[in-house]
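There are 2 protein chains.
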Amino acid sequence: MKRINIGIIGLGTVGTGVLRVLKENAVVIRERLGAELVVKRAADRDIVRDRGVKIEPGVLTTDALEVINDTDISIVIELVGGTTVAKDFILKALEAGKHVVTANKALLSTHGPEIFKKAVDKGLDVYFEASVGGGIPVIKTLREGLSANRIEAIYGIINGTSNYILSKMTHDGGKFEDVLRRAQEKGYAEADPAYDVEGIDAAHKLAILINLAYGTNVALADIYTEGITRISPLDIKFAKEFGYRIKLLAIAKSVDNSVEARVHPTMVPATHPLALVDGVYNAIHIRGNAVGPVMFSGLGAGMMPTASAVVSDVVDISRNIVKGISGRLSPFACAPDAVRPVKIKDMALLEIPYYLRFLALDKPGALSKISGVLGAHNISILSVIQKDRKIGGAVPLVIVTHHAVEAALACAIEEIEKLDIILDKVVRIRIEDNLGTVL
Amino acid sequence: MKRINIGIIGLGTVGTGVLRVLKENAVVIRERLGAELVVKRAADRDIVRDRGVKIEPGVLTTDALEVINDTDISIVIELVGGTTVAKDFILKALEAGKHVVTANKALLSTHGPEIFKKAVDKGLDVYFEASVGGGIPVIKTLREGLSANRIEAIYGIINGTSNYILSKMTHDGGKFEDVLRRAQEKGYAEADPAYDVEGIDAAHKLAILINLAYGTNVALADIYTEGITRISPLDIKFAKEFGYRIKLLAIAKSVDNSVEARVHPTMVPATHPLALVDGVYNAIHIRGNAVGPVMFSGLGAGMMPTASAVVSDVVDISRNIVKGISGRLSPFACAPDAVRPVKIKDMALLEIPYYLRFLALDKPGALSKISGVLGAHNISILSVIQKDRKIGGAVPLVIVTHHAVEAALACAIEEIEKLDIILDKVVRIRIEDNLGTVL
Chain A
1 MKRINIGIIG LGTVGTGVLR VLKENAVVIR ERLGAELVVK RAADRDIVRD RGVKIEPGVL
61 TTDALEVIND TDISIVIELV GGTTVAKDFI LKALEAGKHV VTANKALLST HGPEIFKKAV
121 DKGLDVYFEA SVGGGIPVIK TLREGLSANR IEAIYGIING TSNYILSKMT HDGGKFEDVL
181 RRAQEKGYAE ADPAYDVEGI DAAHKLAILI NLAYGTNVAL ADIYTEGITR ISPLDIKFAK
241 EFGYRIKLLA IAKSVDNSVE ARVHPTMVPA THPLALVDGV YNAIHIRGNA VGPVMFSGLG
301 AGMMPTASAV VSDVVDISRN IVKGISGRLS PFACAPDAVR PVKIKDMALL EIPYYLRFLA
361 LDKPGALSKI SGVLGAHNIS ILSVIQKDRK IGGAVPLVIV THHAVEAALA CAIEEIEKLD
421 IILDKVVRIR IEDNLGTVL
Chain B
1 MKRINIGIIG LGTVGTGVLR VLKENAVVIR ERLGAELVVK RAADRDIVRD RGVKIEPGVL
61 TTDALEVIND TDISIVIELV GGTTVAKDFI LKALEAGKHV VTANKALLST HGPEIFKKAV
121 DKGLDVYFEA SVGGGIPVIK TLREGLSANR IEAIYGIING TSNYILSKMT HDGGKFEDVL
181 RRAQEKGYAE ADPAYDVEGI DAAHKLAILI NLAYGTNVAL ADIYTEGITR ISPLDIKFAK
241 EFGYRIKLLA IAKSVDNSVE ARVHPTMVPA THPLALVDGV YNAIHIRGNA VGPVMFSGLG
301 AGMMPTASAV VSDVVDISRN IVKGISGRLS PFACAPDAVR PVKIKDMALL EIPYYLRFLA
361 LDKPGALSKI SGVLGAHNIS ILSVIQKDRK IGGAVPLVIV THHAVEAALA CAIEEIEKLD
421 IILDKVVRIR IEDNLGTVL
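Protein chains in written order, with the working numbering: chain A, 1 to 439; chain B, 1 to 439.
Bound-form chain A, shown alone (with noise of 0.2 Å):
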């Protein structure tokens, strides 16, 4: 039986986690691959620590380009993560005929035209589907499963620790920062939150999932991009009381002649499929015009799930060496030459429905003020909600306005906000209620 010889760069959690797959699961590999998949060398700093899984003698190195000047490796499994040294290992594996798997979603949002540009020109694969939902195939649904589909929308929870924080707010109350340190307690959010929290990682997966959906090459500048850290628990409440859940979602819509791109706190009807993706799992809506309304959902990071998607990754390549080919998938998702910018649309154009909460003096007229500056930027008002009312004193007053132009409605808010009744800043969360789908 033929063997296929791989080499992993980064044995952390995935790393252990592509190990453990590969040797749990050889036999069905196996039978499915029809060929022998063999670690001959994985390379990491550390070589001593036990990972709870065998590895064969002479296999460790803490010198990645062992494992990339191997001749006998034709796959190399990129796991180190981070935009610097993973470029130049990528590279150089590239440079050294060898297929590359990586679950680098940095990289790849920020120098994947490079490095797919490299793999184009020395005729090999880089397959990547870990990098975007974890185990979930949404890499290989938007390449191949859904292929014959132009591609109307993608809505996705793409970001866990988000997902999970914003859950936990919903279901059990509580502060954004007291949630987020809970959260960090149990190994849900990293150290340093921010890339998770701000809608950073979110974005980059966007960029991925975009650049697959409309075959082109998204700046990451021009994905708008707007964290969780400011929702409020006050906010999760009214959310609920419209009939919303608030989810970080990543959006990409194709819209007349440009696509909109941008991540942020979204409120989605609370009957919606994605309003019930709770915790750290991911789900991706994807609309195609043919295939219609689909989604997809799992576990969308930990050791196990990723590994699954990179292992998986690596009997796809294995398969195109089985048969002697490579290049079969483009890694842009169409042929290189198609390739071409689209336009992203201008957030300032979007028209969307606006969730707004005002903190205002409960005076007699200040909902008629309010509405009066709305009313004369053409944003329309669809229901309002003013609890607790302290005449003399401040209460939130909650407005969900038709579907409006976010121009216009930011140069509302600012004169609002200048208004004499108006105690803070206001805050504003864009509304997605018509997902396309009664799924």
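One thing to keep in mind: the hints can contain errors.
Since the list gives no way to pick one copy over another, a pair counts as held whenever it fits inside one copy or between any two copies.
To be verified - Calculated lysine-lysine pairs in the DSBU-like style (CA-CA distance at most 30 Å, straight line):
(1) K363 x K54
(2) K23 x K253
(3) K92 x K168
(4) K92 x K2
FYI, nobody ran anything at the bench for these hints, they're computed from the structure.
With chain A's structure known, arrange chain B on it following the hints.
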């Protein structure tokens, strides 16, 4: 640019959808594939009817053999359905050196091995994504996306008609017969609905999923199949009271060294995502030993969703053709020589919780007699509902058991039905309350 010629046999709803998808999405398909897909010939008995999509002159024919024997054609799409002429067409197409795409679950679940063997012998591909779950790429997910996993369980809502009827009964009330009639009027159920409501269609699809998951050829006769025709509004109502919804589930579970393979009405926790999949939507919940729980949902039937799957298969095969290969994926999902029988678990040995409804005379001691028989068969009771007391009259008495052995339960039911306080057949519905995820 390379042209790949396609032939279609059967221009009904799905065939027409395939023509539409190929036309409407021609640009994006060409860019993704790097080649052009051309419908060279299409056969149907009716070549006169206006299908609302432009067909080039000379394409239509009433003779399927003209498609099969056209030497320019590389891929034949079989959309005739059924297990007689469709089988003949597919075997002839393979004999003529054509790759095949089909949506025909009845054929594949009965004659799959013969067709697949022919394909392997001839070095050709048979793809069948549309055979299960309409546009949801679940076949691809099992063969490729989760290839690194041992599949622990599959729970599928894979018959849209049954799910539509159960959803209507759950949300709007009504008897099975009445809801079925209205579904027929709306085109959601066939004039002869047996195939759908008796669970046969779901069993065909489950056979395909099991074969892919476990590298085997399960016999349809080995799949326990029970439809939804005897589900009453009363059971729908009691299910709600116990916190369940009734779904027609297709279940495969790997337990010890055997596989549970069964299709039947199932009570699932009302909060589980499967319980929320309503109407004609399908959903497949898969648990892999590495990935954990993943769920996929979408439209399980219809012109365009099914065409999405068919054309995505055509793109997949065409990607092989572009690279000059075939047989990259075994139609068996594992290497042909690794296909082997699996032991299907005897239903008598099934051990799950059960819902039992008795029509009992409302006399003191009724519950005691029933629970006495259950206890004698080692079946313990989780909860009981007895409502609408009519002393001396007939009242429904509902019991949910702890895990019980199916054979023991059958004996107990037989004994209970002989009790003089029991006025009707006992209703028994299986419960799955441990789907293995909080997703």
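Exercise. Taking each numbered hint in turn, which are not upheld by the structure, reported in ascending numerical order?
Worked result: Hint check: 1, 3 fail, others pass.
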